[in-house]
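Those protein sequence lines, which keep their order, are chains A and B.
The letter at position 306 of the first sequence is residue 306 when you use my numbering, and the numbering goes up by one with no holes.
So the number in my numbering is just where the residue sits in the second sequence, counting from 1, plus 1000.
Calculated directly from the structure, the hints in this document are not laboratory data.
This one's a predicted model, so the numbers in the text were calculated from it and none came from an experiment.
Take the hints with a grain of salt, since some may be wrong.
To be verified - Covered by chain B, per the in silico footprint, the following chain A stretches (three or more residues, Cβ under 8 Å):
1. 29-38
2. 251-259
3. 301-309
4. 328-342
As the list claims (entries may be wrong) - Straight line, CA to CA, 25 Å or less: simulated BS3-like cross-link-like pairs of lysine-lysine:
5. A:K367 x B:K1053
6. B:K1169 x A:K23
7. B:K1053 x A:K368
8. A:K23 x B:K1167
9. A:K485 x A:K448
10. A:K341 x B:K1053
11. A:K367 x A:K448
12. A:K246 x A:K603
13. A:K66 x A:K246
14. A:K361 x A:K448
The beta-carbon is built from N, C-alpha and C at its ideal position, and this holds for glycine as well.
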Amino acid sequence: MISMHERVDLWGRVEPLLDLVEKPSRYIDHEFGAVRDSESSFRCVLIYPDTYEVGLPNQGLAILYKILNNQPGIACERAYTPWIDMADLMRRRDLPLFSMESCFPVASFDMVGIQLPHELAASNIVETLDLAGIPLMARDRAQDDPIICGGGPSVYNPEAVCELYDCIMVGDGEEVIVEVACCIRDMRAANAPRADILAALAQIPGVYVPLLYRAEEDSFGRTHVVPVEGSGAPEKVVKRVVADFKALDPVNTTLVPYPQVVQDRLAVEVLRGCARGCRFCQAGMTYRPVRERPADQIVAAVMRGLACTGYDQVSLTSLSTTDHSNLEDVLRRLNANLSGKGISVSLPSERLDSFGVEMAKLVAGEKKGGLTFAPEAGTQRMRDVINKGVTEDDLMNAVSASFSQGWLRMKLYFMIGLPTETDEDVLGIAELCRRALELARASVPPSKRCAVRIGTSVAVFIPKAQTAFQWCGQTPPEEVRRRQKLLADAVPRGVDLRYHDYASSFLEAVLSRSGREALPLILEAHRLGARFDAWSDQFKLEIWQQAAENVGFDMQRAACEPFEVGGPLPWDHISAGVSPRWLEREWERALEGTLTPDCTMTKCSGCGVCPSLHVDNDLERSRA
Amino acid sequence: MSEEELYCLRVRYVETGRLRYLSHLELLRAMERTIRRSGIPYAVTQGFSPRIKAAYCPALPVAVASDDEWFDLWVREYRPAEEYLEDLRRSAPPDLMPQQAAYVEVHGPSLGANLTIACWEADLSVWPDACLDAADAVDMTFHAEDVRRAVEAVRAQGQIEYLRNGKPKKVDLTEKLVGDVCVDPGESGGVHLSFTTRSSNEGALRPDVLLAEVCRQLAESLAVRGSSAGSTQDYVVSFQRNLRTSVVRTAQYLEGKDGTWSRPI
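Generate coordinates for the entire structure from the input sequences, incorporating the hints supplied.
This is the structure we're talking about:
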């Protein structure tokens, strides 16, 4: 039996398992571009709490991997959550979770980063720590245990899982991760007690140290937290922002995987942030302000990235790539540069208007698959409530533009269960699909009419922290089912209707809205076998229901009970820079159906991010 | 549109170390990325989704290494093959390193259909105790003579029936297994085998299928000989889990209509 803290190469014990598991290439490392630094004594490992195929393309981790490895004296490796077959064999054979590059036990590292990619990763975060043999709770960790750090999109209410972490970084990670790593390195080198390291980390702006906060319960048994007196921890942890986004290297995905991963292409982040202000959207609030890269930088980055990776596809990523003020120029130049090389450009989503279709046409070339648009709601009233800012005319223009230019398939994304939704709004989705289908058929030559396909995917609204809808409860399960049936009966023939699995949206709402009281539920669900909950074939709500019963947790109330506007919220101590008063006003405007314009197109809407974080929108040219 | 003149570059490469765990599709993707990184002026296929115009030798099973893998790459410019080889070597992962390159006829025999003869070397040994599951603790002693008898038993069957992706398959040994299977004591206590297989339109004898059948026969004979408490079935399962099988494809040959073998270059 080896000590978990000993840095020994476990490959000799991993290899005999590879004949017994599916996709052995998940575990072999040795990718082109992987960094091998065996010299540095301070070692970090960054873990995506899902399989290799899901975790490897994650851009956030790719950026941090590169930044940490560029620091003198710091080595950074990767690890992923082993798939079920591998994890079970590892437990049977007492093999702890290992890193990719050196194949050292994860528990032997100084700093272990486990991303918080989304709420459904909760059980996998537990699974990852458990396989690593690291005490699950931060308060139970000893001096030699690694410092467990978190970060990522899902930190804006980290409370359900926060006690598994020693520290959580909020906001852009490029700068803060170096400060955190250097702090841990220097203090561990000086043999500082663990508690002192945590206290020092809490002084770094943007770093949340959950142990230094205590929970207070409201009358519903829901918790919010306040700093422990005398701990020196800030009352509010405010997110970090990279003000000079252009100064960051745009080429980060230089590690080329062998297994087919979920986004198997070069990714170049062309802009960060989105100010459209959709009221349900957490990312739209938390990634502000909007910062664009110059066209020259994007084109050069694509060419350099392709040359060093050999990918045959590049994706221009961001929350809203078609909003980049020079996108058309970028796409035309890339098309000219890449002609005849069998390399394609892709955009993550299409903007819902004819400009969106024009841009899609520029990247599609001869191959026109399907186009995807997100009207989100079926009536203008509902779209105004959520501040979607698109009209039926926009959608119809996009439909006629795409079908008359050769596309035959279109997918439309909607949500049901939005605040103030009525049956009329639900039926409006069916009506919108009907009109889109009619127009699509009229826009193609008669011989192709039968080939026209409109698909619609309907998700259930999940209220998220730090948005204008953060006080809302999720629509209760039985009411969601009634509305789903109402819609299913109304959708015309020829429209393929799909629902996002409600059970997993329900759990996501539970985990998104809860405070620290949800951790016993998560630990119990993991004990009962929950893991890979983001995989629809693995997710079983029954496990969570059983766990809730065992620990006495009311999931329906956690998901569906509204919060009082102005009352305490579990995530009050985390700030994305958006002013709470502005969010309240946005909620009031939502109820009135008043639109709030995008500040990159018109005037400032007063969300508070720029003045409070001392940053500004940084656009290449006016978007107006 | 007039067809531009293309040249066919034939490349030999190895698949070694950890990269022997790549599936065939993963290998193809890795090689295409190597080609793109190399900057070689490759030709692309026609159609809506243009791809690099290349063709590969028959697939290597997962976990099997090779000293002798091949692909043909169609290029748009004629340059000395050694230059292209150097470009590829600069861009390749060390475990997929190109070794040799030469031009061949553009419309000559294809690698996929004509590279039908493959030579294999295999080593059977036991994984170290520390790697194993306590539940699989069984006597793993065997000698070259035991393996030789198992090989004879398998050959005597004339065919192997096995499951692939849940589907029953059958492979005929009389035509697919070429010549003798040599069995000798290996280094450090294991057993070494070498054999040659032939593939045809009706399919191929995969080395892992042959070795699995040999090992099943071997384990069954050992179970009968021993007096272990568990059932033969349990013993065979544990034996197979504890057994380390290292296989290498050492050479491939084109087989002419007259039965003569030739190297791809």
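Hints versus structure:
no.	hint	in the structure
1	29-38	holds (count 4)
2	251-259	holds (count 3)
3	301-309	holds (count 4)
4	328-342	holds (count 3)
5	A:K367 x B:K1053	19 Å, holds
6	B:K1169 x A:K23	22 Å, holds
7	B:K1053 x A:K368	22 Å, holds
8	A:K23 x B:K1167	19 Å, holds
9	A:K485 x A:K448	31 Å, violated
10	A:K341 x B:K1053	11 Å, holds
11	A:K367 x A:K448	16 Å, holds
12	A:K246 x A:K603	23 Å, holds
13	A:K66 x A:K246	17 Å, holds
14	A:K361 x A:K448	19 Å, holds
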